[in-house]
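S.K.: Residue numbers (the numbering used here), protein chains in the order written: chain E, 1 to 301; chain S, 1 to 430; chain F, 1 to 291.
Mixed in with the good hints, there may be bad ones.
Quick list of in silico lysine-lysine cross-link-like pairs, DSS-like style, CA-CA up to 25 Å [what the hints assert, rightly or not]: (1) E:Lys144 to S:Lys270; (2) S:Lys248 to E:Lys144; (3) S:Lys186 to S:Lys270; (4) S:Lys52 to F:Lys253; (5) S:Lys58 to S:Lys69; (6) S:Lys69 to S:Lys52; (7) F:Lys253 to E:Lys22; (8) F:Lys113 to E:Lys22.
One side only, chain F facing chain E, incomplete, derived with CB under 8 Å [what the hints assert, rightly or not]: (9) Leu61; (10) Leu188; (11) Tyr255.
Calculated from the structure, these hints are not laboratory results. Here a beta-carbon is modelled for each residue, glycine too, at the ideal position from N, C-alpha and C.
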Amino acid sequence: MSNASPDRDGGARERLQRWLPKLVLSPSCVLVLFFVYGFIAWTSYISFSDSGMMPDYTWVGLHQWSRLWTSWTWGIALHNIWVFGLLYIVSCIVLGLILAILLDQRIRAEGVLRTIYLYPMALSFIVTGTAWQWFLNPGLGLEKTMHDLGWQSFSFNWLIDSNMAIYTVVIAAVWQATGFVMAMFLAGLRGIDGEMIKAAQIDGAPAWKIYARIIIPQLRPVFLSAVVVLAHLAIKSFDLIVAMTGGGPGNATAVPATFMYSYAFSRNEMGIAAASAVFMLAVIAALIIPYLYSELREPRS
Amino acid sequence: MHSNHNRALVNRLGFALLPFALALSTNTMAADTSTDNQVEVLNWWTSGSEAKALGALKDGLSDQGIGWKNMPVAGGAGTNAMAVLRSRITSGNPPTAAQVLGYDAQDWAQRDALSSLDEVAKAGNWNEVFPQPLQEFAKYDGHWIGAPFEIHSTNWVWANKSLMDELGIEQPKTWDDFIASMKKAKDAGYIGLAYGGQPWQDSTVFENVVLATGGADFYRKALIDLDPQALDSATMTQAFDHLRELLKYKDDNSPGRDWNLATAMVINGKALYQIMGDWAKGEFLNANLEPGKDFMCFRTPGTQDAVTFNSDLMIMFDTDDAEQQKMQQTMAKIIGSPEFQIAFSQIKGSVPARMDLSADKLDACAQSGYEQVQAAAKNHTLMGSMAHGYAAPASVKNAVFDIISSFVNSDMPSDVAAEQLAAAIQSATS
Amino acid sequence: MSAASPAARRGAATRVVLYAILLVFAVIYLMPLYVMLTTSFKTLEEIHQGNMLALPGEWTLAPWREAWGSACIGLECNGVHGYFFNSIKIVIPAVLISGLLGAFNGYVLTKWKFRGHKIVFGLILFSCFIPFQIILLPMARVLGILHLANSTGGLVLVHIVYGIGFTTLFFRNFYASFPDELVRAAQLDGAGFFTIFFRILLPASVPIIVVTIIWQFTNVWNDFLFGVSFASGDSAPITVALNNLVNSSTGVKAYNVNMAAAMVAAVPTLIVYILAGKYFLRGLMSGSVKG
Numbered sequence: 001m002s003n004a005s006p007d008r009d010g011g012a013r014e015r016l017q018r019w020l021p022k023l024v025l026s027p028s029c030v031l032v033l034f035f036v037y038g039f040i041a042w043t044s045y046i047s048f049s050d051s052g053m054m055p056d057y058t059w060v061g062l063h064q065w066s067r068l069w070t071s072w073t074w075g076i077a078l079h080n081i082w083v084f085g086l087l088y089i090v091s092c093i094v095l096g097l098i099l100a101i102l103l104d105q106r107i108r109a110e111g112v113l114r115t116i117y118l119y120p121m122a123l124s125f126i127v128t129g130t131a132w133q134w135f136l137n138p139g140l141g142l143e144k145t146m147h148d149l150g151w152q153s154f155s156f157n158w159l160i161d162s163n164m165a166i167y168t169v170v171i172a173a174v175w176q177a178t179g180f181v182m183a184m185f186l187a188g189l190r191g192i193d194g195e196m197i198k199a200a201q202i203d204g205a206p207a208w209k210i211y212a213r214i215i216i217p218q219l220r221p222v223f224l225s226a227v228v229v230l231a232h233l234a235i236k237s238f239d240l241i242v243a244m245t246g247g248g249p250g251n252a253t254a255v256p257a258t259f260m261y262s263y264a265f266s267r268n269e270m271g272i273a274a275a276s277a278v279f280m281l282a283v284i285a286a287l288i289i290p291y292l293y294s295e296l297r298e299p300r301s
Numbered sequence: 001m002h003s004n005h006n007r008a009l010v011n012r013l014g015f016a017l018l019p020f021a022l023a024l025s026t027n028t029m030a031a032d033t034s035t036d037n038q039v040e041v042l043n044w045w046t047s048g049s050e051a052k053a054l055g056a057l058k059d060g061l062s063d064q065g066i067g068w069k070n071m072p073v074a075g076g077a078g079t080n081a082m083a084v085l086r087s088r089i090t091s092g093n094p095p096t097a098a099q100v101l102g103y104d105a106q107d108w109a110q111r112d113a114l115s116s117l118d119e120v121a122k123a124g125n126w127n128e129v130f131p132q133p134l135q136e137f138a139k140y141d142g143h144w145i146g147a148p149f150e151i152h153s154t155n156w157v158w159a160n161k162s163l164m165d166e167l168g169i170e171q172p173k174t175w176d177d178f179i180a181s182m183k184k185a186k187d188a189g190y191i192g193l194a195y196g197g198q199p200w201q202d203s204t205v206f207e208n209v210v211l212a213t214g215g216a217d218f219y220r221k222a223l224i225d226l227d228p229q230a231l232d233s234a235t236m237t238q239a240f241d242h243l244r245e246l247l248k249y250k251d252d253n254s255p256g257r258d259w260n261l262a263t264a265m266v267i268n269g270k271a272l273y274q275i276m277g278d279w280a281k282g283e284f285l286n287a288n289l290e291p292g293k294d295f296m297c298f299r300t301p302g303t304q305d306a307v308t309f310n311s312d313l314m315i316m317f318d319t320d321d322a323e324q325q326k327m328q329q330t331m332a333k334i335i336g337s338p339e340f341q342i343a344f345s346q347i348k349g350s351v352p353a354r355m356d357l358s359a360d361k362l363d364a365c366a367q368s369g370y371e372q373v374q375a376a377a378k379n380h381t382l383m384g385s386m387a388h389g390y391a392a393p394a395s396v397k398n399a400v401f402d403i404i405s406s407f408v409n410s411d412m413p414s415d416v417a418a419e420q421l422a423a424a425i426q427s428a429t430s
Numbered sequence: 001m002s003a004a005s006p007a008a009r010r011g012a013a014t015r016v017v018l019y020a021i022l023l024v025f026a027v028i029y030l031m032p033l034y035v036m037l038t039t040s041f042k043t044l045e046e047i048h049q050g051n052m053l054a055l056p057g058e059w060t061l062a063p064w065r066e067a068w069g070s071a072c073i074g075l076e077c078n079g080v081h082g083y084f085f086n087s088i089k090i091v092i093p094a095v096l097i098s099g100l101l102g103a104f105n106g107y108v109l110t111k112w113k114f115r116g117h118k119i120v121f122g123l124i125l126f127s128c129f130i131p132f133q134i135i136l137l138p139m140a141r142v143l144g145i146l147h148l149a150n151s152t153g154g155l156v157l158v159h160i161v162y163g164i165g166f167t168t169l170f171f172r173n174f175y176a177s178f179p180d181e182l183v184r185a186a187q188l189d190g191a192g193f194f195t196i197f198f199r200i201l202l203p204a205s206v207p208i209i210v211v212t213i214i215w216q217f218t219n220v221w222n223d224f225l226f227g228v229s230f231a232s233g234d235s236a237p238i239t240v241a242l243n244n245l246v247n248s249s250t251g252v253k254a255y256n257v258n259m260a261a262a263m264v265a266a267v268p269t270l271i272v273y274i275l276a277g278k279y280f281l282r283g284l285m286s287g288s289v290k291g
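The following block holds chain E by itself, in its conformation from the complex:
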């Protein structure tokens, strides 16, 4: 390490010590400035250019943006991300909170159960997509199994129904992320001060009231973190859609991330793709920046 040399020259060493923190931070800053903000700038420029199959730096103003907003598939993608995002965030939080509260009741084998709820997070959708696709396919999976077991009227064909396919994607996504949200809430529950709860118990308040009035309000920061994490996962979700439905049937499960990939790489419309990416980024920024601002304000202590 660089400060290992004996301090023959105290002044130089002190100066080094003063600069060291910034020096240590600088590689990350350079990488991030270049690979994140440089690329964002590049993409923004491309969205105003005539790029087709490959980048082309001819300026065409708002042309690509107007084509994006008149695009029919983009309308579907936006609609889907609202439906998907909203259901995904709400379901994950509700289920995650319920599981966390249940697990917080001095459960035996809590560790095992926690691992079971959490493990889907470990798996790639390229892996579980294979299983889900199979499981939800009416001709092969759950529906056939139920028919084989004698339940002939059982029907579950959402995966191939263009009106319902997006909900199967929600199911798989919720399955994956609930465990993580549960862990966040569980961590939050364990951090709550027990004194108030004890006082309420002594007063004879019923359990649900204690949760509704005392415990859940104290979990506000966890709710906020969960919403932010889930929202950005939702907007970035790509592998999941590709592995399960490929955006189909038709374009029924297209979302902005698959829209962008398809326009950039199979439709030779890089300009539109860039415009859609900038839009996605703007939406994410609108969510994240206020959150970061509130997180980074001076501590309220």
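Following the hints, put chains S and F in place on chain E, whose structure we already have.
M.R.: Quick look at chains S and F alone, frame taken from chain E:
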């Protein structure tokens, strides 16, 4: 928690793993992609017959002492492969060659990314032996830039022979007969049409219907010339009506199904027909079935006089490496050679792209297919397939996919579909 | 453990219901894994005839052997084992280096604050949230210039760059609650920047190191988009190989081999979660989520 135990653990982690990590990362970063006497060919040929056909090229190359570096990119009907190709070209590290379709070859040529194959073409007399409609894609600005592997036609019906016999179905000659025979199959508890619900497959069936409904001139006007009047016309509405009728005979589980799994449904006797390009035949042959005896092949009823084609082109990427250049030329020469053209088509199910070969060694389906392609080339009814990038550029093709797949997966009325189709193409070409 | 859970005083009936609900959820969560595992031990005939949920009638290791060593991906029939080791070559340096950078960043941003440290943190953190599709082409260009195109080394770089945001977040939040007094005391004793970090902060960081490793390991190992774009062919990671394998069907989908290959791809992350799962919660509690 801050015990000595933890400290020891962290120290061990930090100091034992760090040099290891650095060594490993420098090691992998040094890992070079040098290709000594090897060609690297990007492709998305991953189904059984496709991979086997590609093996014919690999063998041909190894006879010349050239090694083969595998680079399959599966999934998304070539979308992933095209993403990889862009990434490789952008990084200045293109593969030796890539399998592409139609307009993609032109697009890369326009960017000066390709090696010229003029010498090989001249020596092999390519200007004479390959049909004109194909040359329009394999040549750019008068120079050869792509070596055609084969000609596939997309207007084929594949049928299970024993099922036809069992149900007393004769080979249908007209659209109405065609529909009637599927109804028979459906009534008997079979699936009329084996169908794979992926956008390119939806559109393959659609272009068959357009050709059957409007004839060759209408197909050309609507899907190649992209004439707005033809696109939003009564004939197009009728074509959508026909498509809707056809869709009644598919099963409900079709969305997302791969084409070869739909072919398997015909092979296994679950379904009567499949409308698919002649690569489907490769799957029948792979299952040791005989054309004419175990399965039937015929032009989609109503399209007997025309052929909608596509062809896999091998494009070679410009390189300064003399050895790579030489290997590219060798590869192009092999692909264009009569022996390879025959051998490749025998496995893949296609017909040779050269028009000057004897069809003796081909099977019955390919023999009649080869004749039809030759006749169509003469009569100007050999036309590019929309679904496979031989009718219009990628942006238009995908705009068509959007509408067709939405139509297939919803109950959109036919006149609305025709209107939407014209509008989508208009917007993609703006 | 929480001091006094309100439900602790309830009757046995409530407990039974409680356990029943938790068990039902556990069964639902395990279902996909169960189907994958059992399918990977079945023969193809049994898959076509039998019940998806049934245990294999006749256990066979053949699908695993085939997936590992002889399944065909395009023209080559060597299974996925080569790609498995590619992923290991990528994941170890990527996790360690991005983790180390994140730890340093968190340390500087909390214990050596300077004017604008919050803006720097905000800028780094925002990088977690960019949609990755759009950086593919500029990244490809940069990797080409660095001669890292189409190599596992290039993927290591990509994963380090886009991992810094999260690792910095984890360590910064963790170190924010680490007492400043300890650092100041060490400074008075003459300890320098690195001495304080390695002797005082790092040994106390086990929970957050575990969280970071789990998070980064999972993200890097499971990545598909970067892998397919920057390292196709021989240097492809396991997820890309799996995708190619699953799509390399020959008329009949070999579900058992596909599931076995999927399990091969899943085993490392599963092991990490199972072994380190309990530290994960502790890590979350100790700061990465401000509860």
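S.K.: State for each hint whether it applies.
M.R.: Hints, verified against the model:
1. Proposed proximity of Lys144 (chain E) and Lys270 (chain S) is supported: the alpha carbons are some 17 Å apart, at most 25 Å.
2. A hinted pair counts as satisfied when its Cα atoms are at most 25 Å apart, and Lys248 (chain S) with Lys144 (chain E) qualifies at roughly 22 Å.
3. Proximity of Lys186 (chain S) to Lys270 (chain S) is assessed by CA-CA distance (about 11 Å); at most 25 Å being required, the pair is judged to hold.
4. As the CA atoms of Lys52 (chain S) and Lys253 (chain F) are separated by approximately 17 Å, the hinted pair is consistent with the 25 Å bound.
5. Our distance criterion of 25 Å between C-alpha atoms is met by Lys58 (chain S) and Lys69 (chain S), whose separation comes to about 9 Å.
6. The straight-line distance between the Cα atoms of Lys69 (chain S) and Lys52 (chain S) is roughly 15 Å, inside the 25 Å bound, and the hint therefore holds.
7. In summary, the hint linking Lys253 (chain F) to Lys22 (chain E) is not supported, as the alpha carbons are separated by about 56 Å, beyond the 25 Å threshold.
8. Under the criterion of a C-alpha separation no larger than 25 Å, the hint pairing Lys113 (chain F) with Lys22 (chain E) is consistent with the structure, at around 10 Å.
9. About 20 Å separates the beta-carbon of Leu61 (chain F) from the nearest beta-carbon of chain E, more than 8 Å, and the hint is not met.
10. Against a cut-off of 8 Å between C-beta atoms, the interface hint on Leu188 (chain F) is violated, since the closest Cβ of chain E lies about 14 Å away.
11. The restraint placing Tyr255 (chain F) at the interface with chain E holds, with a minimum CB-CB distance near 7 Å, inside the 8 Å limit.
The structure does not agree with the numbered hints 7, 9 and 10 stated previously, though it agrees with the rest.
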